[in-house]
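**Student:** Listed below are the residues making up each chain.
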Amino acid sequence: MKRIGVADTTFARVDMGGFAIDELKKTGTGFRVERYTVPGVKDLPVAAKRLFDERECDIVIALGMPGANDIDKVCAHEASTGLIHVQLMANKHVIEVFVHEDEAKNAKELAWLAERRSREHAVNAYDLLFRPERLSKNAGKGLRQGFEDVGPIS
Amino acid sequence: MKRIGVADTTFARVDMGGFAIDELKKTGTGFRVERYTVPGVKDLPVAAKRLFDERECDIVIALGMPGANDIDKVCAHEASTGLIHVQLMANKHVIEVFVHEDEAKNAKELAWLAERRSREHAVNAYDLLFRPERLSKNAGKGLRQGFEDVGPIS
Amino acid sequence: MKRIGVADTTFARVDMGGFAIDELKKTGTGFRVERYTVPGVKDLPVAAKRLFDERECDIVIALGMPGANDIDKVCAHEASTGLIHVQLMANKHVIEVFVHEDEAKNAKELAWLAERRSREHAVNAYDLLFRPERLSKNAGKGLRQGFEDVGPIS
Amino acid sequence: MKRIGVADTTFARVDMGGFAIDELKKTGTGFRVERYTVPGVKDLPVAAKRLFDERECDIVIALGMPGANDIDKVCAHEASTGLIHVQLMANKHVIEVFVHEDEAKNAKELAWLAERRSREHAVNAYDLLFRPERLSKNAGKGLRQGFEDVGPIS
Amino acid sequence: MKRIGVADTTFARVDMGGFAIDELKKTGTGFRVERYTVPGVKDLPVAAKRLFDERECDIVIALGMPGANDIDKVCAHEASTGLIHVQLMANKHVIEVFVHEDEAKNAKELAWLAERRSREHAVNAYDLLFRPERLSKNAGKGLRQGFEDVGPIS
Numbered sequence: 001m002k003r004i005g006v007a008d009t010t011f012a013r014v015d016m017g018g019f020a021i022d023e024l025k026k027t028g029t030g031f032r033v034e035r036y037t038v039p040g041v042k043d044l045p046v047a048a049k050r051l052f053d054e055r056e057c058d059i060v061i062a063l064g065m066p067g068a069n070d071i072d073k074v075c076a077h078e079a080s081t082g083l084i085h086v087q088l089m090a091n092k093h094v095i096e097v098f099v100h101e102d103e104a105k106n107a108k109e110l111a112w113l114a115e116r117r118s119r120e121h122a123v124n125a126y127d128l129l130f131r132p133e134r135l136s137k138n139a140g141k142g143l144r145q146g147f148e149d150v151g152p153i154s
Numbered sequence: 001m002k003r004i005g006v007a008d009t010t011f012a013r014v015d016m017g018g019f020a021i022d023e024l025k026k027t028g029t030g031f032r033v034e035r036y037t038v039p040g041v042k043d044l045p046v047a048a049k050r051l052f053d054e055r056e057c058d059i060v061i062a063l064g065m066p067g068a069n070d071i072d073k074v075c076a077h078e079a080s081t082g083l084i085h086v087q088l089m090a091n092k093h094v095i096e097v098f099v100h101e102d103e104a105k106n107a108k109e110l111a112w113l114a115e116r117r118s119r120e121h122a123v124n125a126y127d128l129l130f131r132p133e134r135l136s137k138n139a140g141k142g143l144r145q146g147f148e149d150v151g152p153i154s
Numbered sequence: 001m002k003r004i005g006v007a008d009t010t011f012a013r014v015d016m017g018g019f020a021i022d023e024l025k026k027t028g029t030g031f032r033v034e035r036y037t038v039p040g041v042k043d044l045p046v047a048a049k050r051l052f053d054e055r056e057c058d059i060v061i062a063l064g065m066p067g068a069n070d071i072d073k074v075c076a077h078e079a080s081t082g083l084i085h086v087q088l089m090a091n092k093h094v095i096e097v098f099v100h101e102d103e104a105k106n107a108k109e110l111a112w113l114a115e116r117r118s119r120e121h122a123v124n125a126y127d128l129l130f131r132p133e134r135l136s137k138n139a140g141k142g143l144r145q146g147f148e149d150v151g152p153i154s
Numbered sequence: 001m002k003r004i005g006v007a008d009t010t011f012a013r014v015d016m017g018g019f020a021i022d023e024l025k026k027t028g029t030g031f032r033v034e035r036y037t038v039p040g041v042k043d044l045p046v047a048a049k050r051l052f053d054e055r056e057c058d059i060v061i062a063l064g065m066p067g068a069n070d071i072d073k074v075c076a077h078e079a080s081t082g083l084i085h086v087q088l089m090a091n092k093h094v095i096e097v098f099v100h101e102d103e104a105k106n107a108k109e110l111a112w113l114a115e116r117r118s119r120e121h122a123v124n125a126y127d128l129l130f131r132p133e134r135l136s137k138n139a140g141k142g143l144r145q146g147f148e149d150v151g152p153i154s
Numbered sequence: 001m002k003r004i005g006v007a008d009t010t011f012a013r014v015d016m017g018g019f020a021i022d023e024l025k026k027t028g029t030g031f032r033v034e035r036y037t038v039p040g041v042k043d044l045p046v047a048a049k050r051l052f053d054e055r056e057c058d059i060v061i062a063l064g065m066p067g068a069n070d071i072d073k074v075c076a077h078e079a080s081t082g083l084i085h086v087q088l089m090a091n092k093h094v095i096e097v098f099v100h101e102d103e104a105k106n107a108k109e110l111a112w113l114a115e116r117r118s119r120e121h122a123v124n125a126y127d128l129l130f131r132p133e134r135l136s137k138n139a140g141k142g143l144r145q146g147f148e149d150v151g152p153i154s
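Residue numbers (the working numbering), protein chains in the order written: chain A, 1 to 154; chain B, 1 to 154; chain C, 1 to 154; chain D, 1 to 154; chain E, 1 to 154.
Hints listed in this document are in silico derivations from the structure and should not be mistaken for laboratory results.
Just so it is clear, the structure is predicted and the values come from calculations on it, not from any experiment.
Be careful, since some hints might not be right.
Here are the simulated DSSO-like pairs of lysine-lysine, each with C-alpha atoms no more than 30 Å apart in a straight line [to be verified]:
id: 1; chain 1: E; residue 1: Lys137; chain 2: C; residue 2: Lys137
id: 2; chain 1: B; residue 1: Lys108; chain 2: D; residue 2: Lys25
id: 3; chain 1: D; residue 1: Lys25; chain 2: B; residue 2: Lys105
id: 4; chain 1: A; residue 1: Lys26; chain 2: B; residue 2: Lys108
id: 5; chain 1: C; residue 1: Lys105; chain 2: E; residue 2: Lys73
id: 6; chain 1: D; residue 1: Lys137; chain 2: B; residue 2: Lys2
id: 7; chain 1: A; residue 1: Lys137; chain 2: C; residue 2: Lys137
id: 8; chain 1: B; residue 1: Lys2; chain 2: A; residue 2: Lys105
id: 9; chain 1: B; residue 1: Lys108; chain 2: A; residue 2: Lys105
id: 10; chain 1: A; residue 1: Lys2; chain 2: B; residue 2: Lys141
id: 11; chain 1: C; residue 1: Lys73; chain 2: E; residue 2: Lys105
id: 12; chain 1: C; residue 1: Lys108; chain 2: A; residue 2: Lys137
id: 13; chain 1: D; residue 1: Lys25; chain 2: B; residue 2: Lys2
Some residues of chain D that are not near chain B, with every Cβ distance over 10 Å (derived) [unchecked claim]:
id: 14; residue: Glu56
id: 15; residue: Asn69
id: 16; residue: Leu88
id: 17; residue: Ala107
id: 18; residue: Glu109
id: 19; residue: Leu128
id: 20; residue: Arg144
id: 21; residue: Ile153
Note that CB positions come from ideal geometry on N, CA and C, so glycine has one too.
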């Protein structure tokens with residue numbers, strides 16, 4: 001039985017963690033979910049680390065929704081840097097699912113984007129853990145999570 | 001008996017650490033506070049680390065008030081990066097409470113914002129330590145500390 | 001028998017990993033390839049680390065194609081920082097092969113550039129592993145990968 | 001007998017280390033100074049680390065004067081990041097005293113600022129080591145080093 | 001017998017490593033040189049680390065010539081950050097000698113600047129290893145490598 005960690009925030013305006021968990025359950029079996037909610041994206045790195053160390057997760061999905069201001073961009077950068085550091089300490093993947101508020105033109109699109117990216121990256125996490133050959137097959141295919149795939153250059 | 005570290009600065013123009021401690025005491029019991037004051041935000045990471053290692057804190061609240069100039073923004077970024085690093089070394093949370101001088105339109109609002117954010121993040125620290133289910137329940141709810149919550153996208 | 005890791009992404013729009021492997025095989029023998037495909041460039045650092053630790057690679061080629069937006073530039077920076085960190089942890093080289101979408105004026109040139117840079121850096125990886133004297137001989141020669149060499153200042 | 005490390009540079013245009021040492025001696029006793037001069041600010045992190053590890057310092061004051069160009073700002077940022085890292089490795093404070101050339105309107109003011117900031121931060125280092133209660137008492141008081149204190153918001 | 005590592009790149013347009021080695025030999029004796037050439041500046045951190053760990057160097061001179069574009073500036077920043085990290089891991093100095101293409105107004109000046117900075121920093125490396133008192137004597141003297149010294153503020 002594998003364990004998939006889901007770390008999310010109270011700052012996000014959409015239940016991204018909930019969508020990821022729902023999609024994981026639709027995608028396959030053989031795992032249980034460990035959820036860990038923190039205030040904001042800068043709290044995600046240590047949450048991911050604790051999911052690895054204390055709850056023995058095999059992979060973590062870290063979800064957040066950084067704001068549109070300069071300071072929010074810096075926060076997201078710090079969080080991402082920390083999430084990469086965690087992976088190197090744990091030797092395990094953390095799939096970062098960040099949706100920047102200014103990626104969408106309004107609240108409705110933001111909610112749509114956050115749900116879709118959360119779901120598509122949940123499948124990526126599942127694939128890394130259970131069927132990495134699906135990723136290998138798609139190397140260089142121009143895949144995207146959230147908005148449409150751009151596809152390979154033919 | 002848990003220990004909550006409160007690291008703050010002489011640079012800040014408001015007693016942010018004092019507000020955090022006051023709010024912690026209003027929020028619950030079962031902990032004692034360890035306070036550590038340093039000159040500026042760049043001194044906070046090692047202060048937090050020492051609060052974990054030497055004073056056996058279970059969580060740290062790190063409070064600071066970066067200035068409005070470019071150089072201050074860089075200092076805050078360096079401090080935040082260090083605070084995330086500390087968390088990964090200690091496997092414990094540091095709740096960063098930074099109020100940037102240019103977030104407020106005048107000194108009065110700055111003082112109001114610093115107090116409110118310090119108090120609200122003190123509750124976050126308490127929740128992470130004593131009642132994490134309160135955070136889980138609020139996943140994706142668009143919560144903010146200081147200014148008003150923006151709320152979830154409905 | 002040496003092992004050369006090839007880490008690439010499903011985000012890239014060209015099969016950069018495939019080109020690198022093809023070029024390695026044209027260049028010499030005495031190695032086998034371990035391939036590892038991940039979603040995006042931020043997943044490359046831990047992939048490289050795992051190629052070193054779990055698949056016993058002696059060197060890794062990490063290939064990706066960051067987008068043209070500001071956020072993509074930041075992602076690439078985070079990935080590069082992580083790749084340098086991995087090298088210091090493993091004491092082994094990771095040859096980073098990133099092609100930024102805005103380096104090329106259209107999709108056709110982008111594909112050409114990605115193939116050529118992947119192939120030329122594959123030879124660099126081979127040289128670092130099997131014939132470092134080829135690099136020493138070219139110190140200060142103004143070599144480039146992808147676009148034309150600029151050459152030494154005479 | 002405590003040891004206070006003073007790391008400074010040949011790049012600075014003012015003997016900042018000398019001012020810090022002079023001020024330390026005026027401030028108190030119970031310590032000896034270990035001085036370590038390097039070419040520029042990017043050499044300060046390892047100098048500080050060696051002052052801790054090889055010369056058994058209890059705290060380090062790291063002084064430098066970054067230039068006014070963009071590249072100098074980046075150097076200063078790299079140095080500061082390294083100095084924070086050193087602190088986390090040593091579990092001891094490094095008081096960074098950087099004076100950016102463009103903080104002052106001319107050479108005379110630059111020299112004045114560098115001396116004053118060096119002296120005031122020397123006292124901070126002394127306080128962290130010998131009388132931390134002086135810092136606690138000033139939490140949130142809007143203190144500055146070099147230019148005038150802005151003071152607390154009343 | 002000390003060992004001085006010289007790490008340089010095939011990307012640079014001038015044989016910076018060669019100039020550094022030549023200057024070292026003119027400056028003194030008691031050391032041997034270990035040279036390590038890599039493709040670009042981002043490969044320098046692990047080269048420096050390997051020079052310390054595998055070839056037992058006591059100090060490393062890392063030379064490179066970052067390009068003038070934004071992406072090159074980011075690469076240089078990543079390399080510099082890595083070089084500082086290496087120093088903290090090894091507890092030894094790495095003297096970074098980077099010459100940015102846009103520091104010079106044409107190719108001729110670039111070559112002149114690269115040679116002169118390489119030579120002057122080679123002496124700094126020699127001094128750190130064999131006669132640190134020469135650096136102490138020059139603390140705060142406004143020394144530069146490449147262009148003219150600006151000198152102390154009198």
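**Student:** Each hint should be assessed against the structure and marked as holding or not.
**Tutor:** These are the hints, each one checked on the structure:
1. Lys137/E / Lys137/C: Not OK: Lys137/E and Lys137/C at ~39 Å, beyond 30 Å, violated.
2. Lys108/B / Lys25/D: Cα-Cα ~40 Å, so violated.
3. Lys25/D / Lys105/B: violated (43 Å)
4. Lys26/A / Lys108/B: violated (52 Å)
5. Lys105/C / Lys73/E: holds (21 Å)
6. Lys137/D / Lys2/B: Measuring from Cα to Cα gives roughly 25 Å; hence the hint holds.
7. Lys137/A / Lys137/C: Violated, because 39 Å separates the two Cα atoms, which is more than 30 Å.
8. Lys2/B / Lys105/A: Violated: Lys2/B and Lys105/A sit about 45 Å apart, past 30 Å.
9. Lys108/B / Lys105/A: violated (34 Å)
10. Lys2/A / Lys141/B: holds (29 Å)
11. Lys73/C / Lys105/E: holds (28 Å)
12. Lys108/C / Lys137/A: It holds: about 23 Å lies between the C-alpha atoms, which stays within 30 Å.
13. Lys25/D / Lys2/B: It is violated: about 40 Å lies between the C-alpha atoms, which goes past 30 Å.
14. Glu56: Glu56/D clear of chain B: closest Cβ-Cβ about 17 Å, beyond 10 Å.
15. Asn69: Check passes; 14 Å lies beyond 10 Å.
16. Leu88: Non-interface label fails for Leu88/D: nearest chain B Cβ at 6 Å, not farther than 10 Å.
17. Ala107: At roughly 20 Å from the nearest Cβ of chain B, Ala107/D sits farther out than 10 Å, so the non-interface label holds.
18. Glu109: holds (16 Å)
19. Leu128: violated (7 Å)
20. Arg144: violated (7 Å)
21. Ile153: violated (4 Å)
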